[in-house]
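Asks: Sequence:
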Amino acid sequence: MSALFRMLLLTLAGLSATVDAAPASRFLLDSLSRTAPMLNREVLDSALAAMQCALNNGSPPAQRLAVIDFSLPSSQRRLWIFDLERRRLLLEDYVAHGQESGEDYATRFSNLEGSHQSSIGLFRTQESYEGEHGYSLRMDGLEPGINDRARDRAIVIHAANYVSPSWIAREGRLGRSHGCPAVRPEVARMVVDSLKGGQFMFSYYPDQKWLASSLYLNCRPKRVAAILALMTGVDG
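With mature numbering (1 follows the signal peptide of the UniProt record, and there is no 0) as the guide, the letters of the sequence shown map in order to residues -21 to -1, 1 to 215.
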């Protein structure tokens, strides 16, 4: 077999892989979108694209994905948790944002300690623990300059009494955290248990600068691989 012919086969194989991967990704998007009709399909598409970029560049596989749509008010259910293997919705519920991110709507986001603002972008969940707010979940931000100080800022998933329909009825919105995606006490254990141990969380907001520069939404394989390799080294 000539070198030219081998090169042609490799090229065709590469093209085939690319073509085959697209329907598989579209199939997952279609499947999950059907289970969560209230979740903006474009937001879900962005979450899956960011996750896929991480998976393609060194991240271990995950079984679940959480999506937060911060373009929605806190008075609406804007947290979705998906089982990726069974392609089904596990939870659709309320989630709080940071005090300094806004009132009912979050419009400001930060990566700075002490900002009391939420962070956007792709996260990888880590260990559960018992803390000040009870059973909670730590996570690491995967986007430099956007959310990579999440652990230093103690941005965790935890229960909060101010996340409840009764609070919304009284105040017109949820209470607010110091930047954590706080959830209802009634679902907190389920949320932590379903997401702990290396799952993905994607927090969305239509911030044009972030949308245009995110290493995961605009997949940058070499930079993403370097980030994930560094994190794996730290975790190890």
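Hints are computed from structural coordinates only; laboratory data are not their basis.
C-beta atoms are modelled at their ideal positions from N, C-alpha and C, and glycine is treated no differently.
Be a bit skeptical, because a hint or two may be false.
[Claimed, not checked] List time: in silico DMTMM-like cross-link candidates among lysine to aspartate or glutamate, alpha-carbon distance up to 20 Å:
id, residue 1, residue 2
1, Lys188, Glu21
2, Lys175, Glu21
3, Lys175, Glu82
4, Lys175, Asp62
[Unchecked claim] Across the chosen pairs, the derived CB separations fall in these ranges:
id, residue 1, residue 2, range
5, Ala191, Glu111, 32 to 42 Å
6, Ala205, Arg168, 18 to 28 Å
7, Pro40, Thr14, 14 to 24 Å
8, Glu150, Pro40, 32 to 42 Å
9, Pro144, Asp62, 20 to 30 Å
10, Thr211, Tyr108, 16 to 26 Å
11, Ala208, Asp83, 20 to 30 Å
12, Pro200, Tyr84, 28 to 38 Å
13, Gly154, Glu109, 20 to 30 Å
14, Asp24, Lys188, 31 to 41 Å
15, Pro144, Ala208, 40 to 50 Å
16, Glu165, Arg65, 38 to 48 Å
Asks: Measuring from beta carbon to beta carbon, are Ala191 and Glu111 in 32 to 42 Å?
Replies: Distance hint for Ala191, Glu111 holds at roughly 37 Å.
Asks: Are Gly154 and Glu109 spaced within 20 to 30 Å by their CB atoms?
Replies: holds, 22 Å
Asks: Can the suggested window of 20 to 30 Å be confirmed for the beta-carbon pair Ala208 and Asp83?
Replies: violated, 40 Å
Asks: With 32 to 42 Å as the target window, see if Glu150 and Pro40 comply at their CB atoms.
Replies: The hint (32 to 42 Å, Cβ to Cβ) holds, given that Glu150 and Pro40 are roughly 41 Å apart.
Asks: Has the given pair, Lys188 with Glu21, been kept, meaning a C-alpha gap of at most 20 Å?
Replies: holds, 17 Å
Asks: Return holds or violated for the Cβ distance of Pro200 and Tyr84 against the range 28 to 38 Å.
Replies: Given a distance of about 35 Å, which is inside 28 to 38 Å, the answer is holds.
Asks: Could one say that the CB atoms of Pro144 and Ala208 fall in the range 40 to 50 Å?
Replies: Cβ of Pro144 to Cβ of Ala208: about 44 Å, so the range 40 to 50 Å holds.
Asks: For the range 20 to 30 Å, tell me whether the beta carbons of Pro144 and Asp62 fit it or not.
Replies: holds, 25 Å
Asks: How does the Cβ-Cβ distance of Ala205 and Arg168 compare with 18 to 28 Å: does it lie in that range?
Replies: 36 Å Cβ-Cβ, so the 18 to 28 Å window is violated.
Asks: Hint says 16 to 26 Å; check whether the CB-CB distance for Thr211 and Tyr108 agrees.
Replies: holds, 21 Å
Asks: State, for the Cβ atoms of Glu165 and Arg65, whether the hinted interval 38 to 48 Å holds or is violated.
Replies: Between Glu165 and Arg65, where Cβ atoms are some 23 Å apart, the hint is violated.
Asks: Holds or violated: are the alpha carbons of Lys175 and Glu21 at most 20 Å from each other?
Replies: Given pair Lys175, Glu21 is violated - Cα atoms ~26 Å apart, limit 20 Å.
Hint check: violations occur at hints 2, 3, 6, 11, 14, 16; the rest are consistent with the structure.
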